[in-house]
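Participant: What follows is the residue order along each chain.
2 protein chains.
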Amino acid sequence: MAFVTMKPGTLLSPVPAVLVSSGMPGESGPVCNVMTAAWTGTVCSDPPMVSVSVRPSRYTYELIEKSGEFVISLTDRKLLRAADYCGVRSGREEDKFARCGLTKVPAQGMAFAPAIAESPVYLACRVAERLAPGSHVIYIGRVVSMGVREDLLSPDGAIRLDRADLIAYSHGVYTALGETLGFFGFSVASPKVFARRMKQLRG
Amino acid sequence: MAFVTMKPGTLLSPVPAVLVSSGMPGESGPVCNVMTAAWTGTVCSDPPMVSVSVRPSRYTYELIEKSGEFVISLTDRKLLRAADYCGVRSGREEDKFARCGLTKVPAQGMAFAPAIAESPVYLACRVAERLAPGSHVIYIGRVVSMGVREDLLSPDGAIRLDRADLIAYSHGVYTALGETLGFFGFSVASPKVFARRMKQLRG
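These protein sequence lines map, in sequence, to chains A and B.
1 is the number of the first residue of the first sequence in the numbering used here; add one for each residue after it.
1 is the number of the first residue of the second sequence in the numbering used here; add one for each residue after it.
The hints are simulated quantities; they were obtained by calculation from the structure and are not laboratory data.
It cannot be assumed that every hint is accurate.
[As the list claims (entries may be wrong)] Keeping only pairs whose Cα atoms sit at most 20 Å apart, straight-line, the calculated DMTMM-like set for lysine to aspartate or glutamate is: (1) B/104 <-> B/118; (2) B/66 <-> B/76; (3) A/104 <-> A/94; (4) B/199 <-> B/156; (5) A/7 <-> B/46; (6) B/7 <-> A/46; (7) A/7 <-> B/156; (8) B/7 <-> A/156; (9) A/104 <-> A/118; (10) B/104 <-> B/156; (11) B/78 <-> B/156; (12) B/7 <-> A/150; (13) A/66 <-> A/27; (14) A/7 <-> A/46; (15) A/78 <-> A/179; (16) B/78 <-> B/150; (17) A/7 <-> B/151; (18) B/78 <-> B/118; (19) A/104 <-> A/150; (20) B/78 <-> B/162; (21) A/78 <-> A/165; (22) B/104 <-> B/94; (23) A/78 <-> A/156; (24) B/78 <-> A/118; (25) A/78 <-> B/179; (26) B/7 <-> A/151; (27) A/7 <-> B/150; (28) A/199 <-> A/179.
[Stated by the list, open to error] Distance windows between CB atoms, simulated: (29) B/192 <-> A/158: 18 to 28 Å; (30) B/1 <-> A/30: 18 to 28 Å; (31) B/95 <-> A/92: 50 to 60 Å; (32) B/55 <-> A/56: 26 to 36 Å; (33) B/90 <-> A/94: 46 to 56 Å.
[Said to hold, decoys possible] Reference listing, derived: stretches of chain A covered by chain B, where coverage requires no fewer than 3 residues with Cβ under 8 Å from a Cβ of chain B: (34) 26-34; (35) 73-81.
We treat Cβ as the ideally placed atom computed from N, Cα and C, and that holds for glycine.
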């Protein structure tokens with residue numbers, strides 16, 4: 001079937017829709033905020049680094065500019081409504097943590113940016129690079145600590161992210177993750193290894 | 001439930017697992033390659049830009065360095081095996097297009113990098129920025145053209161990416177996308193708008 005050539009757009013998909021929390025010192029104690037970002041991705045394995053893009057009009061932009069840090073919280077199905085709400089409303093107008101029932105907890109290595117207790121995984125990041133190519137400022141963050149909810153760790157220490165019920169975002173639509181289809185390297189695995197790994201993953 | 005603090009890692013999830021094609025002039029005509037990248041993300045809306053991270057040991061690195069361009073092809077369930085294979089085998093050893101049954105077609109605005117006919121969507125990109133923070137080189141690409149398979153366009157011109165059967169990658173595991181859970185802004189939509197949009201999306 002043929003392609004229809006269209007005006008360039010942001011159609012990379014599916015992407016995560018994560019909560020990005022940030023903070024800074026305020027006049028009467030620390031202030032913080034949480035927003036949703038789908039313009040995020042892993043950019044380096046060693047050291048582990050991620051990108052998060054933020055419009056300069058956002059309150060989060062001000063907090064990251066001042067603190068040089070942010071925390072990414074992965075979103076699961078229970079966080080769907082919060083993830084949507086924190087993407088459309090501003091923390092300048094209301095406390096979105098309180099509004100969405102999100103509990104701030106300390107994230108190792110962060111001075112101000114909190115993790116969110118309701119999230120399955122957090123990645124605490126310090127800004128390593130900053131680019132300003134247009135509508136968004138791109139923050140390249142080095143992951144300085146990572147927290148995984150204890151029920152997602154199997155007895156052998158493996159992280160079972162496949163049990164986290166994560167959500168994805170695809171061209172304006174949030175979806176659940178569905179059936180497990182394979183594992184990295186399955187296409188070159190022996191039938192025996194394939195059967196064993198798929199049984200583990202589906203079990 | 002409590003977080004277990006762990007060594008920092010690349011746990012951002014779910015992420016796309018896209019095919020990245022590239023090319024350059026060779027001694028006996030153009031050469032090209034295709035690899036899989038999960039370290040990719042949208043980084044800017046206007047202009048539309050994406051990041052793709054590539055290890056310098058990869059053949060694709062050489063091609064992008066020489067040509068300054070690449071094409072991202074989204075992956076659906078039919079492309080799952082190709083997406084895995086093109087992530088573990090090198091184009092220096094074999095023609096992965098031929099091996100995986102991928103058909104090269106021209107991508108508007110690209111001198112050498114082909115689109116893949118079997119993919120639902122391609123994003124043709126020119127390298128705008130390049131960062132080298134560690135194991136991977138980060139290419140920030142400006143999307144210069146975009147192709148959408150014609151069956152994904154509804155009569156009103158809307159892109160129905162929710163019908164593309166895309167796959168996601170999450171900590172070493174490929175998954176299908178599942179149930180449609182909501183749309184951007186649903187948490188602040190009126191019940192009437194919510195019902196109408198969800199009916200459209202699920203219909």
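Participant: Compare the structure with each hint and give your call.
Facilitator: Evaluated hints:
no., hint, verdict
1, B/104 <-> B/118, "9 Å, holds"
2, B/66 <-> B/76, "29 Å, violated"
3, A/104 <-> A/94, "15 Å, holds"
4, B/199 <-> B/156, "17 Å, holds"
5, A/7 <-> B/46, "12 Å, holds"
6, B/7 <-> A/46, "12 Å, holds"
7, A/7 <-> B/156, "16 Å, holds"
8, B/7 <-> A/156, "16 Å, holds"
9, A/104 <-> A/118, "9 Å, holds"
10, B/104 <-> B/156, "29 Å, violated"
11, B/78 <-> B/156, "27 Å, violated"
12, B/7 <-> A/150, "14 Å, holds"
13, A/66 <-> A/27, "14 Å, holds"
14, A/7 <-> A/46, "35 Å, violated"
15, A/78 <-> A/179, "19 Å, holds"
16, B/78 <-> B/150, "17 Å, holds"
17, A/7 <-> B/151, "17 Å, holds"
18, B/78 <-> B/118, "8 Å, holds"
19, A/104 <-> A/150, "17 Å, holds"
20, B/78 <-> B/162, "15 Å, holds"
21, A/78 <-> A/165, "9 Å, holds"
22, B/104 <-> B/94, "15 Å, holds"
23, A/78 <-> A/156, "27 Å, violated"
24, B/78 <-> A/118, "35 Å, violated"
25, A/78 <-> B/179, "14 Å, holds"
26, B/7 <-> A/151, "17 Å, holds"
27, A/7 <-> B/150, "14 Å, holds"
28, A/199 <-> A/179, "13 Å, holds"
29, B/192 <-> A/158: 18 to 28 Å, "46 Å, violated"
30, B/1 <-> A/30: 18 to 28 Å, "25 Å, holds"
31, B/95 <-> A/92: 50 to 60 Å, "55 Å, holds"
32, B/55 <-> A/56: 26 to 36 Å, "32 Å, holds"
33, B/90 <-> A/94: 46 to 56 Å, "52 Å, holds"
34, 26-34, "violated (count 0)"
35, 73-81, "holds (count 4)"
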